[in-house]
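Novice: Model the full structure from these sequences, guided by the hints.
In mature numbering (1 follows the signal peptide of the UniProt record, and there is no 0), the protein residues as written are -22 to -1, 1 to 270.
Everything labelled a hint here was simulated from the structure, so no lab data went into it. A portion of the hints provided could be inaccurate.
Stated by the list, open to error - With a Cα cut of at most 20 Å, we get these calculated EDC-like pairs of lysine to aspartate or glutamate:
#1 K34 - E219
#2 K151 - D248
#3 K151 - D51
#4 K71 - D51
#5 K202 - E184
#6 K209 - E106
#7 K34 - E97
#8 K209 - E184
#9 K36 - E184
#10 K202 - D31
#11 K34 - D104
#12 K209 - E139
#13 K158 - D221
#14 K206 - E97
#15 K202 - E33
#16 K151 - D172
#17 K34 - E184
#18 K71 - D83
#19 K202 - D104
#20 K34 - D248
#21 K209 - E97
#22 K206 - E106
#23 K151 - D161
#24 K151 - D54
#25 K158 - E106
#26 K202 - D161
#27 K202 - E106
#28 K71 - D54
Stated by the list, open to error - Across the chosen pairs, the derived CB separations fall in these ranges:
#29 D221 - V249: 45 to 55 Å
#30 G224 - D3: 17 to 27 Å
#31 D125 - T70: 17 to 27 Å
#32 D105 - L13: 22 to 32 Å
Since the model is a prediction, treat every value here as computed from it, not as a measurement. Cβ coordinates follow ideal geometry from the N, Cα and C atoms, glycine included.
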Amino acid sequence: MMAYKVLRFVVISLGLVTLVASRCDFNYYNQHAWLLCSESQCGGNRQSPINIDTEKTKANNNLIALRFNNYDDPVDGDFENVGTTVEFVPETKDATLTNHLGTYDLLQFHFHWGRDSSEGSEHQIDDEQYSAEIQFVHLKQGASPSDTAGDTFSVVAVLCEAADIPIRGVWAKLSPVPTKHEDSHSVSDLVYTDLLPRNRDYYHYEGSLTTPLCDETVQWFVLKNTIKIPKAFLTMLRRVESDEDGTLLTFNFRNLQRLNGRQVFEFPPDVDSGEDKKRKRRNNHRGRHHHG
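Specialist: Have a look at this one:
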């Protein structure tokens, strides 16, 4: 079983987190061993990912609608296999995210997936896991990746549902997925909003990076609405190799973590409460499956 070496605070990624001095060998099969990494925070009190129980989410008057600045502008960049995920890194850092804590520069987005379409996302909503998750990683303007503040990063998580749809548009631009270790290919005129749902209501909580050293420096924004991902694209993700020997990564999602007293907020606040919110989401989700 292959272990992945991670270097911290050089490359900004939830799939590739960096180190100043120490190294950490880790894999997704033995996640308990992450606690043994030098300087690991993986056993901390604000870890990610989590299950979001919609009955227990609350309003927060400080929250605002997320502003995805320049997300509509076509960008060029590289789509790379970094061993623990595949990620798109833009040539220019013009896209930004504005939330209630300030403005953040978009650094990259990357994917999490599973062995089949019944799993893959890191976050779950009402105990439902989705087929994949795209994470848009942002660094607060004026901050350094090595900062320890709890709002150093803002990450937008997009949950993906497997669908029998062709590989076209943004999916064609990202294809073929770079399956060989450290392979990459150039992408032209990618539009970030093609990977976002039209409705960008969200759940928010304070959490961590999802790979060692699991730094507790992330503000999470999990979008309530999903997008569809082609089943054929998921098949390519499952062929991603984690090392030069051709070992398949197979899956790359972290196990769910305890809330430890943290509150999950939602924006905008739902006028319904408790079980009514959960029932409404369940009915909406059932309707999407029926029509999709």
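Novice: Work down the list of hints and note, for each, if the structure agrees.
Specialist: Hints versus structure:
The suggested pairing of K34 with E219 is violated, with an alpha-carbon distance near 39 Å, which exceeds 20 Å. Restraint check for K151 and D248: the C-alpha separation of about 36 Å exceeds 20 Å, so the hint is violated. A C-alpha spacing of about 15 Å is found between K151 and D51, which places the hinted pair at or below 20 Å, so the restraint holds. Restraint check: the Cα-Cα separation between K71 and D51 comes to about 11 Å, which is no more than 20 Å; the hinted pair holds.
For the hint linking K202 to E184, the alpha-carbon distance of about 17 Å falls within 20 Å, and the restraint holds. Our distance criterion of 20 Å between C-alpha atoms is met by K209 and E106, whose separation comes to about 18 Å. Proposed proximity of K34 and E97 is contradicted: the alpha carbons are some 24 Å apart, above 20 Å. Restraint check: the Cα-Cα separation between K209 and E184 comes to about 32 Å, which exceeds 20 Å; the hinted pair is violated.
A distance of roughly 14 Å separates the Cα atoms of K36 and E184; the hinted pair therefore holds under the 20 Å criterion. Pair hint K202 plus D31 holds up; C-alpha atoms about 12 Å apart against a cutoff of 20 Å. This hinted pair checks out: K34 and D104 have alpha carbons roughly 10 Å apart, not beyond 20 Å. With a C-alpha separation of about 9 Å, the suggested pair K209 and E139 falls inside the 20 Å cut-off, and the hint holds.
A distance of roughly 8 Å separates the Cα atoms of K158 and D221; the hinted pair therefore holds under the 20 Å criterion. With a C-alpha separation of about 14 Å, the suggested pair K206 and E97 falls inside the 20 Å cut-off, and the hint holds. Restraint check for K202 and E33: satisfied, since their Cα atoms lie roughly 14 Å apart, inside the 20 Å limit. Of the supplied pair hints, the one linking K151 and D172 holds, its CA atoms being roughly 11 Å apart against a limit of 20 Å.
Between K34 and E184 the CA atoms are separated by roughly 15 Å; this keeps the pair inside 20 Å, and the hint holds. Restraint check for K71 and D83: the C-alpha separation of about 7 Å stays at or below 20 Å, so the hint holds. Between the alpha carbons of K202 and D104 the distance comes to roughly 11 Å, so the proposed pair stays at or under 20 Å and holds. Distance restraint check for K34 and D248: the Cα-Cα separation of roughly 11 Å lies within the 20 Å cut-off, and the hinted pair is therefore satisfied.
A distance of roughly 13 Å separates the Cα atoms of K209 and E97; the hinted pair therefore holds under the 20 Å criterion. Pair hint K206 plus E106 holds up; C-alpha atoms about 16 Å apart against a cutoff of 20 Å. Proximity of K151 to D161 is assessed by CA-CA distance (about 16 Å); at most 20 Å being required, the pair is judged to hold. Pair hint K151 plus D54 holds up; C-alpha atoms about 10 Å apart against a cutoff of 20 Å.
Proximity of K158 to E106 is assessed by CA-CA distance (about 31 Å); at most 20 Å being required, the pair is judged violated. For the hint linking K202 to D161, the alpha-carbon distance of about 33 Å lies beyond 20 Å, and the restraint is violated. Using a Cα cut-off of 20 Å, the hinted pair K202 and E106 holds, with the two alpha carbons roughly 12 Å apart. With a C-alpha separation of about 11 Å, the suggested pair K71 and D54 falls inside the 20 Å cut-off, and the hint holds.
At roughly 51 Å, the beta-carbon separation of D221 and V249 lies within the given 45 to 55 Å, and the hint holds. Checked against the hint of 17 to 27 Å, the pair G224 and D3 passes, with Cβ atoms roughly 19 Å apart. Separated by about 23 Å at the C-beta atoms, D125 and T70 satisfy the suggested range of 17 to 27 Å. At about 25 Å, the beta-carbon gap between D105 and L13 stays in the expected band of 22 to 32 Å.
Checked against the numbered hints above, the structure breaks hints 1, 2, 7, 8, 25 and 26 and satisfies the rest.
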